Amino acid sequence: MLFDTLGFAFFLSVVFLLYWFVANKSLSNQNTLLLVSSYFFYSCWDWKFLSLLLLSTLIDYLIGLKIHKKENNSGRKFWLVLSIVINLSLLCTFKYYNFFISSFNELMTALKIQANLSTLNLILPIGISFYTFHGLSYVIDIYNRKTEPDSNFINYAVFVSFFPLLVAGPIERATHLLPQIQKERKFDYGKAVDGLRQILWGLFKKIVISNQCSIYSNIIFNNPSIFSGSTLLMGAVIFAFQIYADFSGYTDIALGTARLFGIELLQNFSSPYFSRNLTQFWRRWHISLSSWFRDYLYIPLGGSKKGKWITIRNTMIIFLIGGFWHGANWTFVIWGFINAIYLIPSILFQKETFEKDKITKLKVIPSLSEFFQMSRTFMLIALVCIFFRSQDISHAISYFSGMLSKSTFTLPAIRPVLLFFVIGLFLIIEWKGRDQTHALKNFALKSHKVLRLIFYYSLIIAIFLSRTPEQKFIYFQF
Amino acid sequence: MRVFIKNIFIFLIILPLLFYGISLYFLYTGKYKETVEGSVVYNVIARSKTKWKARKLLLGDSVGEQLFPCYQNDETIVSLASNESIGMMGQYLLLNNFINAGNTIDTLYLLFNPLSFQNNMDGRKKYQFFLKTFYTDEYKPLFLKSVSNQLEKIPYKSICQNPCVKTTDWVPYKGLFNSEEGKTSEMFLSQVSADCINKMKQLSILHNFKILVLPSPVILSNKQRILALDRSLIEKNDLTSDFKNYFKDIIFLEKGNFMDGYHLNKPEDYREFYISHLMK
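Here the protein sequences come in this chain order: D and G. For this note's numbering, count along the first sequence from 1 and bump the result up by 68. For this note's numbering, count along the second sequence from 1 and bump the result up by 10.
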C-alpha cells in the first residue's frame with residue numbers, strides 16, 4: 069500500500085475516523101487500534117514477514133525489561149550485546165548475506181581459489197533497516213539509562229511499527245516517540261490541518277517532482293553510453309532532485325499522517341539543498357539516520373573530541389557504514405566513502421564545523437556568494453549521487469567517463485523545460501519555508517482564504533495531471 | 011473535530027467536479043492524446059485513418075517503431091508501428107482503418123520482436139494501451155470472440171472510457187492483474203495473436219496484398235530462450251508459410267546495442283539493412 073495511492077487514502081480515512089470517534093474513549097483503545105492498523109498496513113506489503121517484525125519487536129521488548137531489572141553492569145551488558153547480535157544478525161541475513169557470499173566468491177575467483185558458496189533465495193523484508201534501528205535505539209537508550217522500558221507491550225509495539233514510519237522512517241527514538249504513545253492524545257484542529265498541508269506537499273514532491281524526474285533520469289542512467297556529457301550531467305542533477313523529492317516527500321506524508329493522530333515524528337529533512345557547505349548538508353539530510361549514527365556510533369567512538377585524525381577515522385566509519393546501510397552494493401559503500409572524503413577538509417581546517425544552521429536567515433533572496441556556495445554544495449552532492457543511482461561500479465565509472473568529454477560543453481540532447489520550470493517553482497516554495505518543519509507550514513497563511521484554497525487546489529490539480537502508474541518510493545528498498 | 015470533518019468534506023466535494031471538468035477539457039480538446047502514456051497509439055490511429063500515397067504498410071511493436079518511426083512520413087512506407095501492448099487485435103484494427111480510409115496496400119510488413127506474439131490481451135499494460143484507445147463503440151464490434159474473452163479478465167474495464175481515466179495514466183492496481191505484460195510465458199504465439207493474424211490474412215486475400223512477417227533485432231542473451239519457445243500454435247493455426255523465414259531472419263546482437271535489453275541504441279544503423287534485405 070503506497071502512500072500515494074487511493075488505497076492508502078481510504079485506509080487512512082478509516083483509521084482516522086475509528087481513532088477519533090470509536091477508540092477515543094481510552095488511550096489503550098487508541099494504541100491497540102494503531103497497532104492493529106499498522107500490522108494490517110505491513111501485511112499489505114507481505115504478510116509473511118509480519119512474523120519477523122513481531123519476533124524482532126518481542127525480543128527487544130523482553131531484553132529492554134531484562135536490562136532494566138539487572139543491577140550489575142555485566143548483566144546489563146550481556147543483554148545489550150545479545151540484542152545487538154540478534155538485531156544485526158536478522159538484518160545481515162536478509163539484507164547482506166547474498167552480498168557477502170557473492171563478494172567472497174568473486175574475491176576467491178580473483179585469487180584463483182575455487183569457492184562456490186551458494187547464495188540464498190531471500191527477499192528483503194520491507195522496512196527491516198528501519199525497525200531494526202528502532203529496536204536497537206530503544207535497547208541502547210535503556211542500557212544508557214536515558215529511558216525506561218515500557219511494560220505495556222502494545223505501547224512498545226506501536227513505537228516500533230507505527231504505520232507512517234514503519235517502512236521508510238524517520239528512524240524514531242524511544243525518548244521522543246514513546247512518551248507520546250504513553251500519553252493521552254486530544255484532537256487538535258490546527259495540528260490536523262497542518263498535517264494535511266504536509267501530506268499535500270509530500271504528495272506534490274513525490275508525484276509531480278520525483279516521478280517526473282524519474283522518467284528522464286531512467287532514460288539517461290539506463291543507457292549512459294549513448295548520451296553526451298552535458299546530458300549525463302543533467303541526468304545527475306535531475307536524479308539529485310528526484311531522490312530529494314522522493315524521500316523528503318515520503319517523510320512529509322509520514323509526518324503529516326502521524327500529526328493527524330496527534331503524534332509528532334522527528335524531522336528528517338531541513339532544506340538540505342540550500343546548504344552552503346557539506347557539513348551543513350549532512351545536518352539537514354536524513355537527519356534521523358545521521359543523528360542515529362552520531363549518537364550510537366560516532367560519539368561512542370570518540371566523536372570529534374580526540375583529535376583530528378580520530379575525527380577523520382570516525383567520520384569515515386560512520387559514512388562507510390551509512391553507505392552500506394542503504395544497500396548491499398559496493399556503489400553505496402563508495403557513495404559513503406566519497407561523502408566522508410568531502411568532509412575531511414572541513415575537519416582538518418575546522419571550517420564551519422560548529423556553525424549554526426540557519427540558512428541566510430530573514431533574507432528574501434540569497435547573496436551572490438551564498439548562491440554560489442549553495443550551487444557548489446548541490447553539485448558535489450549531485451555528482452556523488454551517480455554512485456547511489458548506478459547499478460554497479462562499472463556503470464558509475466562509464467557514467468563519469470561519459471561526463472569527462474568535450475561533449476559536456478554542448479547542449480544536452482534532452483531538454484525537459486517544463487520539468488525545470490516546475491522544479492524552479494518548487495524551490496521557491498521550499499526556499500520560503502526553509503526555516504519551518506515543512507515548506508507549507510506558514511506558506512500563504514496570511515493570504516486571503518480564497519487565494520489559499522486556489523493554491524491548494526492548484527497543487528492537487530498538478531498532482532492529478534502528473535499521475536503515472538505507481539512508482540515505489542526509492543527508500544522502500546532500504 | 012466535527013468542524014474539521016465538515017471542512018474536509020466541503021474541500022473534498024469540490025475535487026471530483028474539478029477533476030471531471032479538467033478531464034472533459036482535455037478530452038474535448040484532444041490534448042490528452044499527446045500527454046498520456048499511450049500517446050503513440052493515438053498517433054497511429056490518426057495516421058491509420060489518413061489517405062496515403064505509399065502502398066507499403068508497416069505494423070509493429072515499439073522496436074519496430076524505433077526502426078520505422080510512426081511520426082515520420084515516408085514516400086514508400088507508411089509506418090503504423092506503435093507498441094506491443096495493443097496486441098495483434100490492435101494491429102488488425104489499424105489495418106482495417108487503413109483499408110477503410112481508401113488506401114491501397116501492396117505489402118503489409120509485420121515487424122515484431124519474437125516475444126511480442128505472446129501477447130495474451132489480459133495484462134495490466136493492455137489497460138493503458140489497448141482499452142483506453144480501442145475499447146470504444148467504434149471498435150468493439152470488430153473484436154474477435156477470443157480477444158473479448160481475454161479482455162473480460164481485465165478489471166475496471168467498464169470505466170476505461172471515463173474522462174478521468176482516459177485522459178490520465180491511471181490504471182487499476184497491479185495486484186488485480188495476472189501479470190504486468192500478459193503473455194503466454196514460453197509459447198511463441200498466443201491463441202489470440204494467431205486468430206488476429208489469420209483475420210489479417212483474410213483481409214489480404216480480400217484486398218489482394220501480401221504479408222511479410224519480420225523479426226526485429228534481439229539481444230544475444232535471449233537467443234536460447236527464443237529458439238526454445240514452443241511454436242506448435244504456428245502450425246496448428248495454419249501460419250507455417252507466414253513464419254517460414256521468421257526465425258532464420260532474426261539478427262542477434264550484443265548487449266551493448268540495446269538500451270534495456272529490447273530497444274535499440276542506434277536503430278538508424280539497421281533501417282537500411284531492413285529495407286534492402288528483408289523487405290524486398
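Take these hints with a grain of salt, some might be off.
[As the list claims (entries may be wrong)] Residues from chain G that face chain D, not an exhaustive set, calculated with beta carbons under 10 Å:
1. ASN17
2. SER33
3. LEU34
4. CYS174
[Stated by the list, open to error] Non-contacting residues of chain G with respect to chain D, defined by C-beta distances greater than 12 Å in every case (computed):
5. MET11
6. ARG12
7. ILE32
8. ASN113
9. THR114
10. PRO124
11. THR178
12. GLY185
13. ILE221
14. MET269
15. LYS276
Simulated from the structure, these hints should not be mistaken for laboratory data. This structure is a prediction, so every number in the text was calculated from the model and none was measured. Think of the CB as a built atom: it goes at the ideal place given N, C-alpha and C, for glycine as much as any other residue.
Now for the hints, and whether the structure bears them out:
1. This hint holds: ASN17(G) has a C-beta 8 Å from the nearest C-beta of chain D, less than the 10 Å allowed.
2. Interface restraint check: SER33(G) against chain D, minimum CB-CB distance 9 Å, threshold 10 Å, status holds.
3. For LEU34(G), the interface hint is violated, the least distance from its beta-carbon to any beta-carbon of chain D being 13 Å, above 10 Å.
4. Given the 10 Å rule on beta carbons, the hint for CYS174(G) holds: about 9 Å separates it from the nearest Cβ of chain D.
5. Not every CB of chain D lies more than 12 Å from the CB of MET11(G), the least distance being 5 Å, so the non-interface label is violated.
6. Against the 12 Å criterion, ARG12(G) falls within the reach of chain D, whose nearest CB is about 10 Å from its own CB.
7. With a least beta-carbon separation of about 6 Å from chain D, ILE32(G) fails to lie farther than 12 Å from that chain, contradicting its non-interface assignment.
8. Non-interface status of ASN113(G) relative to chain D is upheld: no Cβ of that chain comes within 12 Å, the nearest being about 34 Å off.
9. The Cβ of THR114(G) sits about 39 Å from the closest Cβ of chain D, beyond the 12 Å cut-off, so the non-interface label holds.
10. With a closest Cβ-Cβ approach of about 22 Å to chain D, PRO124(G) is found to remain outside the 12 Å limit, as its non-interface label requires.
11. At roughly 5 Å from the closest C-beta of chain D, the C-beta of THR178(G) falls inside 12 Å, breaking its exclusion from the interface.
12. For GLY185(G), the shortest C-beta to C-beta distance to chain D comes to about 9 Å, within the 12 Å cut-off, and the non-interface label is violated.
13. Every beta carbon of chain D lies more than 12 Å from that of ILE221(G), the smallest distance being close to 33 Å; the non-interface claim holds.
14. Consistency note on MET269(G): stated as away from chain D, yet its beta-carbon is not over 12 Å from all of that chain's, at 4 Å minimum.
15. Annotated as non-interface, LYS276(G) brings its C-beta within 12 Å of a C-beta of chain D; the closest such distance is 7 Å.
Comparing the model with each earlier hint shows violations of hints 3, 5, 6, 7, 11, 12, 14, 15; every other hint is respected.
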